[in-house]
Amino acid sequence: MTAGFAPSTLSLRREAQVRPVEAAAPDRLRHAGTSVRVDGIIKRYGGPGPAALEGVSLAIEPGELLALLGPSGSGKTTLLRVIAGLEIPDGGRVFFGSQDTTDIAVQRRGVGFVFQHYALFRHLTVFENIAYGLRSRPRAHRPKEDEIRRRVERLLELVQLPDLAKRYPGQLSGGQRQRVALARALAVEPSVLLLDEPFGALDAQVRKDLRRWLREIHRETGQTTIFVTHDQDEALELADRIAILNKGRIEQVGAPHEVQDHPASRFVMSFVGETARLAAEVAGGEVRVAGRPVIAAEPGWPQGPVDLCLRPWDLTVGQGPGTLPGTVREWRRTGRGTVAEILLDGAEAPVEVKVTDVYEPGDRVALAVGAARVFPRG
Amino acid sequence: MSNAAALPAGRAAPRFRRPSALPGFRLTFGITLTYLTLLVLLPLAVLLLRAASVGPAGLWALVTDARNLAALKTSFGLSLAAAAIDAVFGLLVAWVLTRYRFPGRRIIDALVDLPFALPTAVAGIALASLYAPNGWLGEPLMALGIKVAYTPLGILVALVFVGLPFCVRTVQPLVAEIDRSSEEAAAILGASRFRALVTVILPPLIPAMLTGFALAFARAVGEYGSVIFVAGNLPYVSEIAPLLIVIKLEEFNYAGATAIAAVMLLMSFTALLAINLVQDFSRRRFGHV
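These protein sequences, in sequence, are chains A and B.
Per full-length UniProt numbering, numbering through the first sequence is continuous, rising by one, with the last residue being 378.
Per full-length UniProt numbering, numbering through the second sequence is continuous, rising by one, with the last residue being 289.
FYI, nobody ran anything at the bench for these hints, they're computed from the structure.
Quick caveat, the model's predicted, so the values are computed rather than measured.
We put the beta carbon where it would ideally sit given N, CA and C, even for glycine.
Hints are supplied without guarantee of correctness; some may be wrong.
[Stated by the list, open to error] Some chain B residues near chain A, calculated using beta-carbon distances under 8 Å:
| # | residue |
| --- | --- |
| 1 | Leu249 |
| 2 | Glu251 |
| 3 | Ala255 |
[Stated by the list, open to error] Among chain A residues calculated to face chain B with C-beta under 10 Å, some are:
| # | residue |
| --- | --- |
| 4 | Ile104 |
| 5 | Ala105 |
| 6 | Phe115 |
| 7 | His117 |
| 8 | Tyr118 |
| 9 | Arg122 |
| 10 | Phe127 |
| 11 | Ala140 |
| 12 | Pro143 |
| 13 | Ile148 |
| 14 | Ala187 |
| 15 | Pro190 |
| 16 | Arg219 |
| 17 | Gly222 |
| 18 | Leu343 |
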């Protein structure tokens, strides 16, 4: 089908959305996911300053689990809401598969959405919350009461809350509410599942459990899933691919190891992991800090003034030429050994480096550099 | 009485008052009781006492008197109708005032309270001249065959007017609190706007709407000033019970006046109690926060 848009497409779309559900074998949860593509999305909120989204293009494979990662105000939630149909973009198109869904009303898009604060219906039981989407179908496509019951019970099992059907959301813990919200979104068998900061409001332990669990659910259902997070660990651990947003633009899209090992920009470098940054200069095939050579420059690195970015785990206490001097700020034991917080000379913030010796605050150390990246000064 | 002596006794007694780490029950309960007794219960008791002076037979004769009965019917029937109308349109006004930003919003917001502030007689005169057969609205309505002033319809208009602020102000804070994302959730799940309204937006508002309904109803039952100017006050047709009381007073028939008042009181109390019970139920049903 082409992107050409006529009123008839609406009804076509509606059937296409409903039919697979009707035809689905009753106990099947697995989907062939739909691909999602956004093309040049522009979204402005009133007022001065930059747009929330400044022409974002991104393609998500069928069945992929993609993270939209970025600091607050980077536009990641706006992008998610544009895909869902909750925001109308000022420019650009949204495609599900080959279907242009930009102008399709949110009710008919067939997406599942999990809100940051769950947005459960507080006056309805868990059961009715999950059944809501099925009961909202046009009469002709609405499942029978016993079919609804069976589906809700199956979803409650999937989210591991089989005994809570009669409770109200107010009687559940945060983690349980999150699971109910997910079950509610999955009940309509959406072609695309969207999650807005799904674990943002939960404490650390619950977060960790739910992350693993979401991964399992995704494996089980195979839905194309996009989730928004500002937590790089969450994105790295969970996603097949990560799109990193900054100021309404995509800085990089790639698998976790790609964005971590080959960051496309200084922003990505410092956002996906702890980074020490030093002013440096590339000249004569080497990188110099304060005039002293540190490591050899790789081919293709920019010449002239640069930012030298270092991962803490690439730094070791050492001696001799090529080491960087610094001052120990703090030394402590952790569950995984001893670490020193070291402020490199010329750096703005200290980094935590694994050490074997005991240090006092104020001790001078030299750090050998195992690997580094440079980005043009800016 | 010292606290040390009182506490063990309190524990042994049926749990009228649970021991609490936060003090304040004795003081607040005492003041409440005194205050309510002096300001509400005592005057009402005197009223009942005076009403009782006509005797059971006299009371029964008064209540079953056709003219009195008609007036009571008019008062309570129209008050319920007015409160129901206010509950619906009060919600609409509250919704528009909270949800949308438009020029003059603050002015309209302030206008809502005017029926509170206006001396009711002023409202009555204004309504009467507006809806009179030669008034701005009365004339075109007359052409359509609808007579408002000097009919029960006129009474209804006046009661709707005085009751509206109650229904707006009780619902407004709850409308402001509605979680936008639960509306969005309903839409994403495929619910039409109408279904979202009925199943997601309205249920949490019902307890507040009932509060507004009860207040508007109570106000309407007791309303006098605005009604008598627009009602026409035809016995058996557009005569309200408060007016009947005033008429009896003017005839120096104090016993008769207080008897009708006592009946009104009893009916109002029953109605309000019933509304409260419904409200309690709706809170339990919809109020899971």
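Indices of hints not satisfied (ascending): Numbers 1, 2, 3, 4, 10, 11, 12, 13, 16, 17 and 18 - these are the hints that the structure violates, sorted from lowest upward.
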